[in-house]
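Sequences are here, hints too, so could you generate the full structure?
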Amino acid sequence: SQQGEEDPQALSIQEGENATMNCSYKTSINNLQWYRQNSGRGLVHLILIRSNEREKHSGRLRVTLDTSKKSSSLLITASRAADTASYFCATVIIQGAQKLVFGQGTRLTINP
Amino acid sequence: SQTIHQWPATLVQPVGSPLSLECTVEGTSNPNLYWYRQAAGRGLQLLFYSVGIGQISSEVPQNLSASRPQDRQFILSSKKLLLSDSGFYLCAWTLQRVVRFGPGTRLTVT
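Chains as they are written, first to last, in the numbering used here: chain A, 56 to 167; chain B, 54 to 163.
Treat the hints with care, since some could be wrong.
Below, a sample of chain B positions facing chain A; criterion: calculated Cβ distance under 8 Å [unchecked claim]:
hint, residue
1, Leu-97
2, Thr-147
3, Val-151
4, Val-152
5, Arg-153
6, Gly-155
7, Pro-156
8, Gly-157
If you are wondering where the hints come from, they were derived from the structure by calculation, not from laboratory data. Glycine residues also receive a C-beta, built at the ideal position from the N, C-alpha and C atoms.
Right, dumping it as structure tokens:
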């Protein structure tokens, strides 16, 4: 079953603007990870935030985590055309093995 | 450094035919291995995971099966494919926290 739900499902912005994507989940997590998928390709890991962290940065990426609201957000600043991709949040559950449970993703389009 | 290989990259198979997708990981030992499937325009669904040789856990009932004959080899199989088995199949591995994905196999069942 799906755990994470991204919002919005699709987002289209102009190059240079900031893009914000949100993710909500249902159960307690060990950590939460964001991935990017270019069309027809495999997933690329972007950033991991632990359940005891509230914010994390990596280059132009900023991730927040609110465990009380069971939600996370991914902010991409100063977007570029190359940022066009689908973005997924994945919650990590430890049940015998570490399992990633993915949402449906947000399709981000950066218009030049 | 660790790398993950999947093959083939694309596959077109008729309904009722068998399936074998292979995944191998290099540069690590005793990783957790995973098979995910992604339907068109959708998120990823975890199909199987393995914590060691011969240890397979199934997440959803289906006509697929998985095997791990060697530490760094994970195989996804089916005896008879269904149309609904079409999708993008991704193998992944992890040792600690971050899960790394292979390039995927796009399967079309006709």
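Hints versus structure:
Below 8 Å, beta-carbon pairs count as interface contacts, and Leu-97 of chain B has one with chain A at about 4 Å; its hint therefore holds. Contact between Thr-147 of chain B and chain A, as hinted, is supported at the beta carbon level, the nearest pair being about 6 Å apart and thus within 8 Å. Against a cut-off of 8 Å between C-beta atoms, the interface hint on Val-151 of chain B holds, since the closest Cβ of chain A lies about 5 Å away. Here the hint on Val-152 of chain B is kept, as its CB sits about 5 Å from the closest CB of chain A, short of 8 Å.
Because the beta carbon of Arg-153 of chain B sits about 7 Å from the nearest beta carbon in chain A, less than 8 Å, this interface hint is met. Given hint, Gly-155 of chain B at the interface with chain A, holds; its Cβ is 6 Å from that chain's nearest Cβ, closer than 8 Å. Because the smallest distance between the Cβ of Pro-156 of chain B and any Cβ of chain A comes to about 5 Å, under 8 Å, the interface hint for this residue holds. Look at Gly-157 of chain B: its Cβ gets to within about 5 Å of chain A, closer than 8 Å, so that hint holds up.
This entry satisfies every hint, going by the numbered hints stated previously.
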